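A.B. asks: Those sequence lines, one after another, are chains A and B. Take the first sequence: its position 54, counted from the start at 1, is 54 in full-length UniProt numbering, and no numbers get skipped. Take the second sequence: its position 74, counted from the start at 1, is 74 in full-length UniProt numbering, and no numbers get skipped.
If you're looking for bench data, these hints aren't it; they were derived computationally from the structure. Just so it is clear, the structure is predicted and the values come from calculations on it, not from any experiment. Treat the hints with caution; some may be incorrect.
Claimed, not checked - Chain A residues, not near chain B, derived (Cβ > 10 Å throughout):
{"#": "1", "residue": "R46"}
{"#": "2", "residue": "R58"}
{"#": "3", "residue": "G60"}
{"#": "4", "residue": "Q89"}
{"#": "5", "residue": "D90"}
{"#": "6", "residue": "V98"}
{"#": "7", "residue": "E114"}
{"#": "8", "residue": "K128"}
{"#": "9", "residue": "T160"}
Said to hold, decoys possible - With a straight-line cut-off of 20 Å between C-alpha atoms, the simulated EDC-like cross-links for lysine to aspartate or glutamate are:
{"#": "10", "chain 1": "B", "residue 1": "K142", "chain 2": "B", "residue 2": "D120"}
{"#": "11", "chain 1": "B", "residue 1": "K146", "chain 2": "B", "residue 2": "D114"}
{"#": "12", "chain 1": "A", "residue 1": "K126", "chain 2": "A", "residue 2": "D90"}
{"#": "13", "chain 1": "B", "residue 1": "K30", "chain 2": "B", "residue 2": "E91"}
{"#": "14", "chain 1": "B", "residue 1": "K30", "chain 2": "B", "residue 2": "D14"}
{"#": "15", "chain 1": "B", "residue 1": "K68", "chain 2": "A", "residue 2": "D55"}
{"#": "16", "chain 1": "B", "residue 1": "K68", "chain 2": "B", "residue 2": "D14"}
{"#": "17", "chain 1": "B", "residue 1": "K113", "chain 2": "B", "residue 2": "D14"}
{"#": "18", "chain 1": "B", "residue 1": "K19", "chain 2": "A", "residue 2": "E171"}
{"#": "19", "chain 1": "B", "residue 1": "K19", "chain 2": "A", "residue 2": "D90"}
{"#": "20", "chain 1": "A", "residue 1": "K126", "chain 2": "A", "residue 2": "D95"}
{"#": "21", "chain 1": "B", "residue 1": "K113", "chain 2": "A", "residue 2": "E145"}
A virtual CB, placed ideally from N, CA and C, is assigned to each residue, including glycine.
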Amino acid sequence: MTNSMTRTARLIFTLTLLGTSTLLGHSALAQSPLFQPLYEVLSHPRCMNCHTITDFPRQGDERRRHDQLVVRGADNHGAPTLQCSACHQDNNVADGAVPGAPHWGLAPLSMGWEGLSASQLCQVLKDKSKNGDRSLADLLKHMSEDDLVLWAWTPGGNRTTPPLSQPAFVEAVQAWVNAGGPC
Amino acid sequence: MFTIRVNGIAHTVDVSEDKPLLWVLRENLKLTGSKYGCGQALCGACTVHIDGQPTRSCVMPISAVGDKQVRTIEDIGNEHIGGLVQATWQELNVPQCGYCQSGQIMAATALLKDNSSPSDQDIDKALSGNICRCGTYPRIRKAIHKIATEQL
Ligand code: FES
Ligand code: FES
Chain A
1 MTNSMTRTAR LIFTLTLLGT STLLGHSALA QSPLFQPLYE VLSHPRCMNC HTITDFPRQG
61 DERRRHDQLV VRGADNHGAP TLQCSACHQD NNVADGAVPG APHWGLAPLS MGWEGLSASQ
121 LCQVLKDKSK NGDRSLADLL KHMSEDDLVL WAWTPGGNRT TPPLSQPAFV EAVQAWVNAG
181 GPC
Chain B
1 MFTIRVNGIA HTVDVSEDKP LLWVLRENLK LTGSKYGCGQ ALCGACTVHI DGQPTRSCVM
61 PISAVGDKQV RTIEDIGNEH IGGLVQATWQ ELNVPQCGYC QSGQIMAATA LLKDNSSPSD
121 QDIDKALSGN ICRCGTYPRI RKAIHKIATE QL
């Protein structure tokens, strides 16, 4: 009796695990393994908090609405007289409390990634009508050289960084671009 | 050594490159109208104009100022709109303790220079980073509307 119960319990446990991983597989895994590492970086809060689909940025790993209720503004750099640069300088402040990097601001709404699956994000990333008319080579350049992108790996304070190191990320982007940007 | 232009006058100060502009203004130049509230760009008490844009001087290192024009509360009354804002602030008795008010005036002046008839929403967006512990927000809003409707 006890034995068969244990067996049943184990079976249920295994099935649950399988079910969960199938679900996760649909929602979080990219179709192309080459895009998967990019997705893991791009969906990190250091990137996503300013690639929002809202008219405001977010902050923190919990991705709460940005303090002071600052807004996106017409040019993605805040309200006309409360610009992102009112607080965010070209560098993090000395104690790391306020992050900073050149041209601090939100990505345009067309580059908002919130709520997208990996393959959707991949498509949006490559779509020239949404990505600022960037070719795959331009994307590689942006993601490996742009000051604001690079900030994600030196965010100051106790902010977390994306799951891949910056050189590993550049390698992954390069491999994805070399393969023609498979989604 | 850094030379910065504050209220139209060049000042040379011998300070380390990461000294925040706020402390250069207050300690070195004795311009104490800009207040220290949080030191972390959270409250707006230290707001000055950098080339006309409200900026939190507590998080701007002196090395980032370069040849940009710094304008502080001490000089804002010499601008037409800055003068109107200060006069109306007095007329409506906007301040309570006053600690946040130089920042509020700098933010309101920049708003009215950019937008001569701001809506409540425009005011919220422009001043949401200027915190008033005394809760003078309704009077700030009223004063901005009064200037916009009667004088601009
Ligand atoms: S003292 Fe600068 S924002 Fe509070
Ligand atoms: S008047 Fe006291 S903090 Fe604003």
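A.B. asks: Confirm or reject each hint.
C.D. replies: Outcome of the hint check:
1. R46: holds (19 Å)
2. R58: Given that every Cβ of chain B is farther than 10 Å from that of R58 of chain A, nearest at about 16 Å, it holds.
3. G60: holds (14 Å)
4. Q89: Label violated. Min Cβ-Cβ 6 Å, cutoff 10 Å.
5. D90: Incorrect as stated: the minimum Cβ-Cβ distance to chain B is 6 Å, not above 10 Å.
6. V98: Nearest chain B Cβ is 5 Å from V98 of chain A, so the label is violated.
7. E114: Holds, because the least Cβ-Cβ distance between E114 of chain A and chain B comes to about 21 Å, which exceeds 10 Å.
8. K128: holds (32 Å)
9. T160: Holds, because the least Cβ-Cβ distance between T160 of chain A and chain B comes to about 20 Å, which exceeds 10 Å.
10. B:K142 x B:D120: Since the Cα atoms of K142 of chain B and D120 of chain B sit roughly 10 Å apart, the hinted pair holds (cutoff 20 Å).
11. B:K146 x B:D114: holds (16 Å)
12. A:K126 x A:D90: Violated: K126 of chain A and D90 of chain A sit about 28 Å apart, past 20 Å.
13. B:K30 x B:E91: violated (28 Å)
14. B:K30 x B:D14: holds (14 Å)
15. B:K68 x A:D55: At roughly 30 Å apart (the allowed maximum being 20 Å), D55 of chain A and K68 of chain B break the hint.
16. B:K68 x B:D14: Given pair K68 of chain B, D14 of chain B holds - Cα atoms ~18 Å apart, limit 20 Å.
17. B:K113 x B:D14: violated (34 Å)
18. B:K19 x A:E171: With Cα atoms ~38 Å apart, K19 of chain B and E171 of chain A exceed 20 Å; violated.
19. B:K19 x A:D90: Measuring from Cα to Cα gives roughly 15 Å; hence the hint holds.
20. A:K126 x A:D95: At roughly 37 Å apart (the allowed maximum being 20 Å), D95 of chain A and K126 of chain A break the hint.
21. B:K113 x A:E145: Answer violated: K113 of chain B to E145 of chain A is near 37 Å, above 20 Å.
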